[in-house]
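Going line by line, the protein sequences match chains A and B.
Under our numbering, think of the first position of the first sequence as 1, with each following residue one higher.
Under our numbering, think of the first position of the second sequence as 1, with each following residue one higher.
Quick caveat, the hints were computed from the structure, so don't treat them as lab data.
Just to be clear, a hint being listed does not mean it is correct.
[Stated by the list, open to error] No more than 20 Å apart at the CA atoms, straight line, and that leaves these computed lysine to aspartate or glutamate pairs for DMTMM-like:
1) A/235 <-> B/289
2) B/235 <-> A/229
3) A/268 <-> B/289
4) B/268 <-> A/229
5) B/235 <-> A/33
6) B/268 <-> A/230
7) B/268 <-> A/138
8) A/25 <-> A/42
9) A/59 <-> A/82
10) A/233 <-> B/289
11) A/124 <-> A/138
Protein chains: 2
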Amino acid sequence: MEQIRSLSQLLDYAKKIGAEKGPKKLSVAMAEEAGLLTAIEEARKAGFAEAILVGNGDKMKAAAEQAGVDLANYEVIDERDEPSMGISAVSQVSSKKADIYMKGQIHTNNFLRAMLNKEVGLRKGKNTISHCYFHSVEGYDRIFFIADAAFNMYPDLAAKADITQNTVGLARSFGVAEPKVAVLAAVEVVNPDMPATLDAAALTQMNRRGQIKNCIVDGPFALDNAVSEESAKTKGIVSPVAGKADIFIVPNIDAGNMLAKGIVYFSKNETAGLILGASAPIVLTSRADSTRAKLLSIAAAVTLSDFNK
Amino acid sequence: MEQIRSLSQLLDYAKKIGAEKGPKKLSVAMAEEAGLLTAIEEARKAGFAEAILVGNGDKMKAAAEQAGVDLANYEVIDERDEPSMGISAVSQVSSKKADIYMKGQIHTNNFLRAMLNKEVGLRKGKNTISHCYFHSVEGYDRIFFIADAAFNMYPDLAAKADITQNTVGLARSFGVAEPKVAVLAAVEVVNPDMPATLDAAALTQMNRRGQIKNCIVDGPFALDNAVSEESAKTKGIVSPVAGKADIFIVPNIDAGNMLAKGIVYFSKNETAGLILGASAPIVLTSRADSTRAKLLSIAAAVTLSDFNK
Numbered sequence: 001m002e003q004i005r006s007l008s009q010l011l012d013y014a015k016k017i018g019a020e021k022g023p024k025k026l027s028v029a030m031a032e033e034a035g036l037l038t039a040i041e042e043a044r045k046a047g048f049a050e051a052i053l054v055g056n057g058d059k060m061k062a063a064a065e066q067a068g069v070d071l072a073n074y075e076v077i078d079e080r081d082e083p084s085m086g087i088s089a090v091s092q093v094s095s096k097k098a099d100i101y102m103k104g105q106i107h108t109n110n111f112l113r114a115m116l117n118k119e120v121g122l123r124k125g126k127n128t129i130s131h132c133y134f135h136s137v138e139g140y141d142r143i144f145f146i147a148d149a150a151f152n153m154y155p156d157l158a159a160k161a162d163i164t165q166n167t168v169g170l171a172r173s174f175g176v177a178e179p180k181v182a183v184l185a186a187v188e189v190v191n192p193d194m195p196a197t198l199d200a201a202a203l204t205q206m207n208r209r210g211q212i213k214n215c216i217v218d219g220p221f222a223l224d225n226a227v228s229e230e231s232a233k234t235k236g237i238v239s240p241v242a243g244k245a246d247i248f249i250v251p252n253i254d255a256g257n258m259l260a261k262g263i264v265y266f267s268k269n270e271t272a273g274l275i276l277g278a279s280a281p282i283v284l285t286s287r288a289d290s291t292r293a294k295l296l297s298i299a300a301a302v303t304l305s306d307f308n309k
Numbered sequence: 001m002e003q004i005r006s007l008s009q010l011l012d013y014a015k016k017i018g019a020e021k022g023p024k025k026l027s028v029a030m031a032e033e034a035g036l037l038t039a040i041e042e043a044r045k046a047g048f049a050e051a052i053l054v055g056n057g058d059k060m061k062a063a064a065e066q067a068g069v070d071l072a073n074y075e076v077i078d079e080r081d082e083p084s085m086g087i088s089a090v091s092q093v094s095s096k097k098a099d100i101y102m103k104g105q106i107h108t109n110n111f112l113r114a115m116l117n118k119e120v121g122l123r124k125g126k127n128t129i130s131h132c133y134f135h136s137v138e139g140y141d142r143i144f145f146i147a148d149a150a151f152n153m154y155p156d157l158a159a160k161a162d163i164t165q166n167t168v169g170l171a172r173s174f175g176v177a178e179p180k181v182a183v184l185a186a187v188e189v190v191n192p193d194m195p196a197t198l199d200a201a202a203l204t205q206m207n208r209r210g211q212i213k214n215c216i217v218d219g220p221f222a223l224d225n226a227v228s229e230e231s232a233k234t235k236g237i238v239s240p241v242a243g244k245a246d247i248f249i250v251p252n253i254d255a256g257n258m259l260a261k262g263i264v265y266f267s268k269n270e271t272a273g274l275i276l277g278a279s280a281p282i283v284l285t286s287r288a289d290s291t292r293a294k295l296l297s298i299a300a301a302v303t304l305s306d307f308n309k
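The shape of chain A in the complex, shown without the other chains (with noise of 0.2 Å):
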C-alpha cells in the first residue's frame, strides 16, 4: 500500500477500507455523550465504522437526542454501572463481535480495568500497553508518531522494546513499510550520566540483533537530528533515520507530553491517538478532544485493524 502522509490521507483511506470491506465495529463503553455520539455518527456515515453503544440506555438516549443522532442505527447494550459497562463493552471485542475497544464518559480506570481482566479483556501476555500520539506538521511530508507521551510515565527498557514494537505496528499500518525511529534524548551521544541516552544505545542494538523487527531504530538522537537532515549532517551523524525520522520514542512521559502538546499548540497541525499493544485497536480520547480528532482516532483504529486481519 501507499505511505499515508497526512491524517487527512488517513482520513481518505479508511473510508477506502469501509467501501471494499464494510465498516469495523467499535465497542463503546458508556457512549453517553453528545459530542462522541457525533464523532461516531460522523464514522458510520463515512462508512468505515459501525458502532455497539453500552451504557446506561437513558443517558445515551439523552445525548443522541442532544446530538441528533437515531440510535436505531446502532446496537445499544443497556448497563447501569461503570464496571459492568466496561466489561460489557470489552467483552463484545475479546468474543470478536466487534473490532475496537473505545472509551466513551467511563472512569479510564474502569475502561483499562475491563481491557485488563483475564476472562473478557485483550491483554496479549506480558507485552507493554502503551499509547501513541500522531501528528500531521505543516511542512513536513510524513506523519510523526511520538511514544508514549500519555500512558506509562517511566517505562524501563524492556518497555520501551515493546513500546517501539507496538508503534511500529501502528506506522507499518499506515503504509510505512519500515519505519524509521528515532530514540530520542537531549543530546546525540551516549553520555553514561543520561539514562535516556543508554536506553537509545540498547535499543538501538535490540534492532540489529532482531529484538524489535520490521523497522531501523538509531538514537540516541535530538530532536533536531532527528528531523532535520541538515542540522544532522552539521553535527556529522550519518544515519539512516538522522532527518528522516517517522516515529519518536521519547525517555518518559514528562519529555513526550511536552513534545506532543508542543506540537499541538505551537504547530499548524492534525493529531490523534491510540492505546496499542492489546490483541485490538483501543481508542481512548478525552472529551477536551475535537470531533475530529475523535474521528481521526476512530480512522487510525479502522486502519489498524484491517492491516491486522
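Place chain B on chain A using the hints.
Just chain B now, with coordinates in the frame of chain A:
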C-alpha cells in the same frame, strides 16, 4: 518599560539602548569564525554592541577578511591557546572592561572553566548557572522563556529555584514586570509517583513564601494548561498562570530540549538563548545558529546587561 513581545521588538529595544546610552561591550573568546564576526558586526552597526575579540590573531584576521569585517573597529587581543583565550576574555568582563562574555570557537569546556575561575570568573556565590531559550511563536502575543533545556541536566529543587529566579530576571529585563511561571510536568495534579509534579508544588510554595521573588509561580501544569486558557478551563484549573505563562520551568534537560527544539522545528518562530545566573550575561551560541539567532542573543544580553545596571 513596555513589555517586549517578540524577538523583533527585542532587536528594536537593544538599538534604542545603544542609541540612548551607547553600546555594550562584548568580550569574545576565540573569535575566529566568519559567521560569528558577521553577527558581531551587525550588532555593532546596529549601535548596541562593540567587542573585544580574543583569539589567534592570524586566524581572526583571516575570518574577518572572509566576513568582510574591518578589525580596526575592534579591540583585538592575541592569545594562542584556548584556556588563555577563555581567561583573557572573561577577565575583561570581571574587571568591568566589558559587559558581556561571549563564546566563539572555543570548546565549551574551556569557555565555562574560565567563567568558573575563582580569581577572574563570573560566578556569583553558589548560585546555579542556567540556560534559557526564548522564543517568538506565531499566534502568541508574548515571548516564551524555557529553562533549563540545555545546561543543567537533572537539577534538584534548590537548583530549580535558582533557575527560576535567573529566568525571571531575564523576563523582567524584557519588560515582563511580574512574569507568570508555569512549572511543567505531564499532568496538572500532584502525583507522588511523578517527581516533576512534586518539584512543581514545592516551587509554587517557595514563591508564596518569598523564596522566589518578582514573579507568580504555579504548577504542575501540563503544557496545554499553561498556554491555553480554554484547556485550563476544561480541566477546571483556576490560576493566574493558567493559559498565560511567560516562563516554562521544565523537569529536566530531556523534556526541555524536546520542547524547545519542537518549537524551533515545528512552528513558525524565532529563537535565541542566553546563559544566566553569572555576574554578567553570557552568550553561548553554536556554529549552527543563524546570524540572525546570534544577533538576537547579543541583543538579549545587551538588554539584560542594561537592566541589571
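Cross-check of the supplied hints:
1. A/235 <-> B/289: Judged against 20 Å, a Cα distance of about 12 Å means the pair holds.
2. B/235 <-> A/229: Violated, at roughly 39 Å.
3. A/268 <-> B/289: violated (24 Å)
4. B/268 <-> A/229: holds (19 Å)
5. B/235 <-> A/33: Holds: residue 235 of chain B and residue 33 of chain A sit about 17 Å apart, inside 20 Å.
6. B/268 <-> A/230: holds (18 Å)
7. B/268 <-> A/138: holds (10 Å)
8. A/25 <-> A/42: holds (14 Å)
9. A/59 <-> A/82: holds (13 Å)
10. A/233 <-> B/289: holds (14 Å)
11. A/124 <-> A/138: Given that 20 Å is the threshold and the Cα spacing comes to 36 Å, the pair is violated.
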